[in-house]
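The task is simple: from the sequences and hints, build the whole structure.
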Amino acid sequence: METEKLYELDSHCRNFTARVLACTPGKHGYDVILDRTAFFPEGGGQPGDQGWLDDVAVTDVHTVSGEIVHFCKDPLPVGQTVSGGLNYGRRHSLMQQHSGEHIVSGLVFRQFGFHNVGFHMGHDAVTIDFDGFLSEDQLQAIEAEANRVIWDDLPVRTFYPDPETLASLSYRSKKAIDGAVRLVEFPGVDLCACCGTHVQHTGEIGLIKLLSSQKFHEGVRIELLCGAPAFSLLARVWRQNKTVAGLFSAKPLETAAAAGRVAQELEAVKARAARLEETVFAQRAEALRGAGDVLLFEEPMRPDAIRRLADAVQKTCGGRAAVFSPNGEGGFGYAIAQPGGNLRDFTKALNQALQGRGGGKPEFVQGSVRADRAAVEAFFREAAL
Numbered sequence: 001m002e003t004e005k006l007y008e009l010d011s012h013c014r015n016f017t018a019r020v021l022a023c024t025p026g027k028h029g030y031d032v033i034l035d036r037t038a039f040f041p042e043g044g045g046q047p048g049d050q051g052w053l054d055d056v057a058v059t060d061v062h063t064v065s066g067e068i069v070h071f072c073k074d075p076l077p078v079g080q081t082v083s084g085g086l087n088y089g090r091r092h093s094l095m096q097q098h099s100g101e102h103i104v105s106g107l108v109f110r111q112f113g114f115h116n117v118g119f120h121m122g123h124d125a126v127t128i129d130f131d132g133f134l135s136e137d138q139l140q141a142i143e144a145e146a147n148r149v150i151w152d153d154l155p156v157r158t159f160y161p162d163p164e165t166l167a168s169l170s171y172r173s174k175k176a177i178d179g180a181v182r183l184v185e186f187p188g189v190d191l192c193a194c195c196g197t198h199v200q201h202t203g204e205i206g207l208i209k210l211l212s213s214q215k216f217h218e219g220v221r222i223e224l225l226c227g228a229p230a231f232s233l234l235a236r237v238w239r240q241n242k243t244v245a246g247l248f249s250a251k252p253l254e255t256a257a258a259a260g261r262v263a264q265e266l267e268a269v270k271a272r273a274a275r276l277e278e279t280v281f282a283q284r285a286e287a288l289r290g291a292g293d294v295l296l297f298e299e300p301m302r303p304d305a306i307r308r309l310a311d312a313v314q315k316t317c318g319g320r321a322a323v324f325s326p327n328g329e330g331g332f333g334y335a336i337a338q339p340g341g342n343l344r345d346f347t348k349a350l351n352q353a354l355q356g357r358g359g360g361k362p363e364f365v366q367g368s369v370r371a372d373r374a375a376v377e378a379f380f381r382e383a384a385l
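With my numbering, the residue at position 261 of the sequence shown is 261, and numbering never jumps.
Because the hints were derived from the structure by calculation, they are not lab data.
Please note: incorrect hints may appear among the correct ones.
As the list claims (entries may be wrong) - Distance condition first, Cα-Cα at most 25 Å in a straight line; then the derived BS3-like pairs of lysine-lysine:
hint, residue 1, residue 2
1, K175, K215
2, K209, K242
3, K315, K361
4, K251, K209
5, K5, K175
6, K73, K5
7, K348, K361
8, K348, K315
9, K73, K27
10, K174, K5
11, K174, K215
Everything numeric in this text was worked out from a predicted model, so none of it was measured.
This is the structure we're talking about:
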């Protein structure tokens with residue numbers, strides 16, 4: 001007996017009754033088959049529904065060998081009539097995402113002729129792959145048009161056309177379909193073969209927001225969010241933007257300009273600090289002229305600064321110049337330079353003795369160790385013997 005698909009008759013159906021036809025132990029608990037169901041089984045890029053049958057949790061739904069199988073935590077008696085209920089907040093969000101994807105894909109196909117060749121509803125975003133490249137300006141135009149479709153509150157139609165009618169229609173489909181073909185129509189926007197659940201009017205979607213795009217093979221991959229998740233994301237972004245604007249003493253809509261000014265100022269400060277460092281390093285190197293092997297412990301410094309100090313000192317000390325600086329991880333970052341020397345064996349021994357890692361050229365090495373100052377000093381004393 002084929003399970004009646006209540007979700008095809010009414011995508012907003014959230015509660016129903018059904019008779020248990022089969023219940024067998026499975027990998028996910030118990031596999032339950034009903035005579036009718038509002039639970040959508042995973043398919044077409046849309047995850048399966050979740051909810052409950054009586055007081056038993058339904059964790060997922062799949063089509064297995066042509067049967068709609070409900071993965072349940074506990075068994076249900078065969079022949080019993082049960083009350084089913086969906087996690088409707090989750091289902092409605094999935095419908096918003098799926099319908100939003102159809103609108104975007106339909107607009108891209110109509111305007112540019114590019115096909116949707118990949119679709120995934122993830123936890124944080126919906127991903128769509130197109131077989132042609134779209135610029136940022138083109139994507140922004142698609143986003144604006146998609147939201148106008150939402151505001152028009154168009155009716156969404158799902159139907160099974162007869163074979164003769166189907167043959168006369170031009171519709172999107174990723175693959176050839178055997179048997180009856182279910183079409184989902186967004187008037188003037190998209191007509192696509194689809195098994196999934198959709199909103200009944202485009203206004204239910206509320207909002208479509210494109211989040212990112214990147215080149216994918218010969219086309220483009222975009223990420224988007226629709227409906228309540230899109231609103232929640234934009235609300236979080238706006239709150240963060242207001243906080244950042246406050247740090248810059250700027251208006252929220254002027255955050256980018258303020259950040260740009262601060263970035264320029266920071267680059268100027270970094271350049272000035274680098275010049276001052278060079279002066280200080282030159283003075284340190286001059287003070288250590290002719291000192292021979294040198295071991296220096298400095299305040300916390302960037303790896304590049306450690307390198308430049310070691311390089312400056314090795315030019316004047318006449319021996320090996322080793323600079324160690326705390327790295328905030330219970331050890332030190334280091335740089336060691338010795339003109340005309342070969343530090344590879346020395347560095348290997350250092351790393352073995354002090355839980356270190358690093359390397360470089362025969363005359364210059366850089367890395368880090370997990371050891372205290374006393375252990376580092378002891379190693380260098382032994383190395384000098």
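Hint-by-hint comparison with the structure:
| no. | hint | verdict |
| --- | --- | --- |
| 1 | K175 with K215 | holds (24 Å) |
| 2 | K209 with K242 | holds (20 Å) |
| 3 | K315 with K361 | holds (16 Å) |
| 4 | K251 with K209 | holds (23 Å) |
| 5 | K5 with K175 | holds (22 Å) |
| 6 | K73 with K5 | holds (22 Å) |
| 7 | K348 with K361 | holds (12 Å) |
| 8 | K348 with K315 | holds (23 Å) |
| 9 | K73 with K27 | holds (11 Å) |
| 10 | K174 with K5 | holds (23 Å) |
| 11 | K174 with K215 | holds (21 Å) |
Violated hints: none; the structure is consistent with every hint.
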